[in-house]
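On the provided structure of chain H, position chain B as indicated by the hints.
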Amino acid sequence: MSGHVSTYEPKSGFTKWLDARLPIVRLAHDSFVDFPTPKNLNYWYTFGGILAVCLMVQIITGIVLAMHYTSTVDQAFASVERIMRDVPYGWLLRYTHAVGASMFFLAVYIHMFRGLYYGSYKAPREVLWILGCVIFLLMMATAFLGYMLPWGQMSLHGANVILNLFGAIPLIGEPIKIWLQGGPSVGNATLQRFFSLHYLLPFMIAGVVILHVWALHVPGNNNPTGVEVKDVKKDTVPFHPYYTVKDAFAIVLFLGVFAAFVFYAPNVLGHADNYIEANPLVTPAHIVPEWYLLPFYAILRAITFDIGPIDAKLLGVIAMFASIGVLFVLPWLDTSKVRSLRYRPVAKQFFLIFVAACLLLGLCGAKNPDDAVFSLGSEKLVVSYTDADGVASERTFGEYSEAVAFEDSLPSAQNPSMSVKPAPAFTFLTLGQLLTLYYFAYFLVILPWLGLKERPKKEPESIAKSVLPKGRNTSLVAVPAE
Amino acid sequence: MSEVQTGTDTGHGGEHVDEERRDFIHIMTGATAAAGVVMFAWPLIDQMNPALDTKALSSLDVDISKIPLGGEARVLVGGQPFLIRHRTEREIAKAREEDSVQMRDPEPDEERLIPGPDGNLRPEILVVSGACTHLGCVPVGPAQGNVGDYGGWYCPCHGSHYDTSGRIRKGPAPTNLPVPDYRYISDTVIQISL
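Protein chains in written order, with the numbering used here: chain H, 1 to 482; chain B, 1 to 194.
Just chain B, same shape as in the assembly:
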């Protein structure tokens, strides 16, 4: 409409035009179309979220009895790397001694462990995420011949050093390697869930 008209007025042909009624029809049509677009846009956006089969693959049972002392197992759960370290007595002692040292993300070693089936902590088994908290690279460990300055892991991408409890001690990473959600199914099998 090129002319501004208010309320009830007379149209070009001289017949009666109800402007309020026309506005109502315009607003209803526009609103219905907008709602339709939004309702159709949501499935197009949501389809990019993880699919059901992807979500179903979000836990893994790992046999920890095969991990050699001082060594580690590297597993993928839903494509994310996790490190299961079978720690030596010395590594456990070192992690505990350094509980009181100043750190970027202070956390005692005991709080990074969970009890086994018998209810006692299992200090020899440390499970941490294998994604450096800086930019997600996978740190190297004993099997790759570099455990960093603090005996745990070293991230080759930007030089973050983690100690034998997976705590950040040096380099750009902001936080410790997180301990994932896991539990003991039996003495020798743990289940890691995302």
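Pulled out of the complex, with its shape left as it was, chain H reads as follows:
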């Protein structure tokens, strides 16, 4: 924390010499060894460390893959297949990189939900939270760019769908799209620049991560009670060994899950279509983004109506970007003085619904919007024909035999034809629209309003009091085992 006095004492002649010139060992000592950390952090707080590992894994495997990858439309797909078949351990490196992207997002979502639950975005940690949102945005951009590189069907057509979103912006949309593509369509120029930027962005993420950790170390960690550290001696323990070991244990468990995916189900989170080389003349039947972008894709598709002069397509794009943008202003939307939802019984309920809504939005993004969540009737048969006056008419039947009898009774001059009318249903589109409404209501209505109305439970006096049973001596100070 900012007020913490450095306890680093260089011992050897060299470290003394270095400390007077570049106090880098002191910085590391104060940041990761003797950093006072609330003693009550639970396992939800280990995902920061897990995310650091994820970023390292992606950068290391990515740099190695770039040694074998060719970023031209003629060779990209083949070079990825060559990595899989011919390059020593290429399969392992590529699967680790591809699964690693999913693991990275899994960890970041848990990390973000943890921040939401314990109110880690509230003063004085607003900048810390906003930097986290910037990292999330950069991660999504990096993942999108990287998904294009194998030049499979999903790469090409997914990129096409997303770049077309820019075309929805009035007036400047089309020139921006052409500028991003480097040509009239997604092609070689697009692939080359996407590779260049995909290589760049992880290092920008690493840069913002440094700022994120810096912004964390000024006010210090939040904690599950949301109560600030009052007495450094009673409320905190040094980061090392307490949290280095706790984080390391969580990292090992997480890497176990990671390895299970890499070795037993490396493709389960991807799409089979991306193993077909890109063909601009054939669109895959279902273009869906990777799972971690599905909730935002569902919000994009939920807007099917125009509002005033703004058409549905542009509104969908606005809603999708707003769903991420709203996170940036969250510190000023939540009006409650109490940080942790442990002491906000009503807000806790709404939060759990919010988590469920995000997961269900993911489901809506994966499904065909017109498919039924559940059906509200049965399918009907419709016979359409042109009646004697030359007007297009139709009649609806429940039974096939009746429909056929009617169709046969019409003269062929009336052009009768039969089709199936789907049953009325509660569709994934409607579900997605309701969930989108809740997503925005949670941030824009529920949190601002609830902070003023809700009566929170009593917060503990201090972190130390919250972790010790009642009646025990609270002056116990943890001492690292020697």
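Do not take every clue at face value.
Stated by the list, open to error - Facing chain H, a subset of chain B residues (Cβ under 8 Å, in silico):
| # | residue |
| --- | --- |
| 1 | LEU44 |
| 2 | PRO50 |
| 3 | ARG74 |
| 4 | LEU76 |
| 5 | GLY79 |
| 6 | GLN80 |
| 7 | PRO81 |
| 8 | GLY136 |
| 9 | CYS137 |
| 10 | PRO156 |
| 11 | CYS157 |
| 12 | PRO172 |
| 13 | ILE190 |
| 14 | LEU194 |
These aren't lab readings, by the way, just hints derived from the structure by calculation.
All residues carry an ideal CB built from backbone N, CA and C; glycine is no exception.
For chain B alone, kept in the frame of chain H given last:
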């Protein structure tokens, strides 16, 4: 400078300091540096626009005599898909009959055709963009076994149905499949330009 000084004043060492002259030098230096940054930024931004060779590949000659009746040719011009449909008499008649039906983007079939070398419209040849106006997927047609509810094209991505004139009839797409800039070079060859 830590102290606020105005006009002509005396500096720390007691010598004469002309503040206005200093301000002028500061503003000129800053402005020159800013102009330099902008001038260097523009090439960095503009390099992402289509290159000359990319632009040069923006038209294509297509032999339409090989397209079977009721079938279509799918071509790429500058990477963008275009559909050239050889329409049957029935498809042409259907497109014309439905001119008066209510549509999202009303446009008579005749306005979506161009005259051949003899000056007469060529209703049997319909040329449209192969990018669904919703989000740019390529609609499927007769060769893929699905022509949608209106006999033209069907976009499998989000379910837009186009009729035999390429007009949007059902689904999320906002406008008709646009007719590209093209002309007849001869009776059997058309040139499509972006």
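Query raised in the report: Hint by hint, which ones does this structure get wrong, listed from lowest number up?
Result: The structure breaks hints 1 and 13; every other hint is satisfied.
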